[in-house]
Amino acid sequence: MTESELKADLELRRRLILDAIERVWQVDLREIRPLLHLEEVLGRPDSARNA
Amino acid sequence: MPDALTPGMSAAALVRGYRSGALSPVEVADHALELARAVQPRLNAFITFLDEDARTAARASEQRYRREQPLGPFDGVPVAMKDLVHMAGVRTTAASKVLADYIATEDAEVVRRLRAGGAVILGKTNLHEFAYGPTGVLSSFGSCRNPRDVGRMAGGSSSGSAAAVAAGVCPVAVGSDTGGSIRIPAALCGVVGLKPTYGRVSTSGVLPLSWSLDHVGPITATVEDAGLALAAMSDFTWPSPGPLDRPLRVGVCRDHFFEHLDAAVRECVERGIRLLGEPREVRMPSIRLSAAAQSLILASEARAFHQRWLAERGDDYEPGVRNRLEAALEVRGVDYVQAARLRRVMVDEMRAALEGVDVLAMPAVPVPAPPLSATDVAVEDGSINVLSALLQNTSPVNFTGFPAISVPCGETDSGLPVGLQLVARPWQEAHLLAASWRLEQLLGASRMNGIPGRRGQ
Numbered sequence: 001m002t003e004s005e006l007k008a009d010l011e012l013r014r015r016l017i018l019d020a021i022e023r024v025w026q027v028d029l030r031e032i033r034p035l036l037h038l039e040e041v042l043g044r045p046d047s048a049r050n051a
Numbered sequence: 001m002p003d004a005l006t007p008g009m010s011a012a013a014l015v016r017g018y019r020s021g022a023l024s025p026v027e028v029a030d031h032a033l034e035l036a037r038a039v040q041p042r043l044n045a046f047i048t049f050l051d052e053d054a055r056t057a058a059r060a061s062e063q064r065y066r067r068e069q070p071l072g073p074f075d076g077v078p079v080a081m082k083d084l085v086h087m088a089g090v091r092t093t094a095a096s097k098v099l100a101d102y103i104a105t106e107d108a109e110v111v112r113r114l115r116a117g118g119a120v121i122l123g124k125t126n127l128h129e130f131a132y133g134p135t136g137v138l139s140s141f142g143s144c145r146n147p148r149d150v151g152r153m154a155g156g157s158s159s160g161s162a163a164a165v166a167a168g169v170c171p172v173a174v175g176s177d178t179g180g181s182i183r184i185p186a187a188l189c190g191v192v193g194l195k196p197t198y199g200r201v202s203t204s205g206v207l208p209l210s211w212s213l214d215h216v217g218p219i220t221a222t223v224e225d226a227g228l229a230l231a232a233m234s235d236f237t238w239p240s241p242g243p244l245d246r247p248l249r250v251g252v253c254r255d256h257f258f259e260h261l262d263a264a265v266r267e268c269v270e271r272g273i274r275l276l277g278e279p280r281e282v283r284m285p286s287i288r289l290s291a292a293a294q295s296l297i298l299a300s301e302a303r304a305f306h307q308r309w310l311a312e313r314g315d316d317y318e319p320g321v322r323n324r325l326e327a328a329l330e331v332r333g334v335d336y337v338q339a340a341r342l343r344r345v346m347v348d349e350m351r352a353a354l355e356g357v358d359v360l361a362m363p364a365v366p367v368p369a370p371p372l373s374a375t376d377v378a379v380e381d382g383s384i385n386v387l388s389a390l391l392q393n394t395s396p397v398n399f400t401g402f403p404a405i406s407v408p409c410g411e412t413d414s415g416l417p418v419g420l421q422l423v424a425r426p427w428q429e430a431h432l433l434a435a436s437w438r439l440e441q442l443l444g445a446s447r448m449n450g451i452p453g454r455r456g457q
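For the record, the sequence lines run as chains W and U.
Using this note's numbering, you'd call the opening residue of the first sequence number 1 and step up by one each time.
Using this note's numbering, you'd call the opening residue of the second sequence number 1 and step up by one each time.
It is worth saying that the hints were derived from the structure and are not from the lab.
We treat Cβ as the ideally placed atom computed from N, Cα and C, and that holds for glycine.
Misleading hints may appear alongside valid ones.
[Said to hold, decoys possible] So the derived label-pair ranges between C-beta atoms look like this:
id, chain 1, residue 1, chain 2, residue 2, range
1, U, Pro319, W, Glu40, 35 to 43 Å
2, U, Glu68, W, Glu40, 40 to 48 Å
3, W, Met1, U, Glu380, 37 to 45 Å
[Said to hold, decoys possible] What the simulated footprint calls covered on chain U by chain W, stretch by stretch (three residues with Cβ under 8 Å from a Cβ of chain W suffice, anywhere in the stretch; the number is not a length):
id, stretch
4, 159 to 167
5, 283 to 292
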């Protein structure tokens, strides 16, 4: 894909996400904080290894 | 070839042979190096061969077996290393001219662990440049080709690692997976690819593509080998595989994961799911958005890592990879944050989908290996872009960090492999392996994945 095609593709993805976030926000009326560190929600293996 | 050595032998079988004295780590390493060089003109799976290092490690392993003091269940196992992983004194090229002359000064943590377990590292394998692509075609060292059909993609980005295992060069290879780079080539080449839980295997000393999405894991000939390899690469403890005491509850999400499929892939996957256990429909309402959100995060983080090299050595990148890195500037800070918000939603949805089931199951890749030059691929409902097709079902699981595996589940009429992807709760790789082992046994998959004549159906 050319750079311009890739840019257009990213723009589509960007809009898809923004629209969806708006919908979720309006329907659920809840705070959704960004998940910047997966460790925050996955925990550590020591507490769940091979569970 | 030593008498007791059969083509495509598993790591577990090799180690049994070492322990009984029927096989020698030195003979096995010699044979593996010979085979690696013999298939190189056809597959282009390797970038660097490490003959002397491998023979030294094999001789040390042999001495340990003679003293009856092996380092563990991985001692003497030949391994191929993705050339994105640092090994002290060896070049790490990332399949790019940008790093063609870069010599690593330290071992990556995963290399340190494998060496401590007695692994014999044969060489560094080819990949999609800087791991930024799912085809394995764009490499400054030439495209890696699929052992099943050299006119087709091996898949990427860990193309050489999967091709080496599928060709029977070695039973284990190390790969990395940011959007599917272990599971995609494993599926297309007909071998096992395990993406562990995010953080299970250290990424220290592995060139990053996207810090928050990168995983390191094994590509192997068998499910048992995947467990052995993961244990050697991390703190995972692997009980021997054995029969499960009840039918599996298999979660099936029809949205997204079963769309835009090749008909033969659908048939193989549906049969695999029925064999595995009792299918239960599950829903993940935001799943359609996860691949898009994952790609925005990936683009931003990859661009940040490559910023300086792009400015200084932009012409040394493969044009297709450079274009993706340049286009990444379109993603704004607010987009990254919104994608990260969606990530929290998606983790919750995937966790909820796994309530009441043992694993989720879906095609690993919606299509069999495309031709090397393909830009679009045919599916049941038309045709779609090849990059989107390859990444469709794997990238959502990088987004959540849950463990996932691709296991061979049959072939198309023309003999191209199909992979079934299973997903489990965080840190439950043992469940994934047990389910995969069951499928492998039921399908009668031989240990000779990739060897001509095999049919895993």
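Hint by hint, here is what the structure shows:
1. Pro319/U <-> Glu40/W: 35 to 43 Å: holds, 38 Å
2. Glu68/U <-> Glu40/W: 40 to 48 Å: holds, 46 Å
3. Met1/W <-> Glu380/U: 37 to 45 Å: violated, 24 Å
4. 159 to 167: violated (count 0)
5. 283 to 292: holds (count 3)
Consistency with the previously given hints fails for numbers 3, 4, ordered from lowest to highest.
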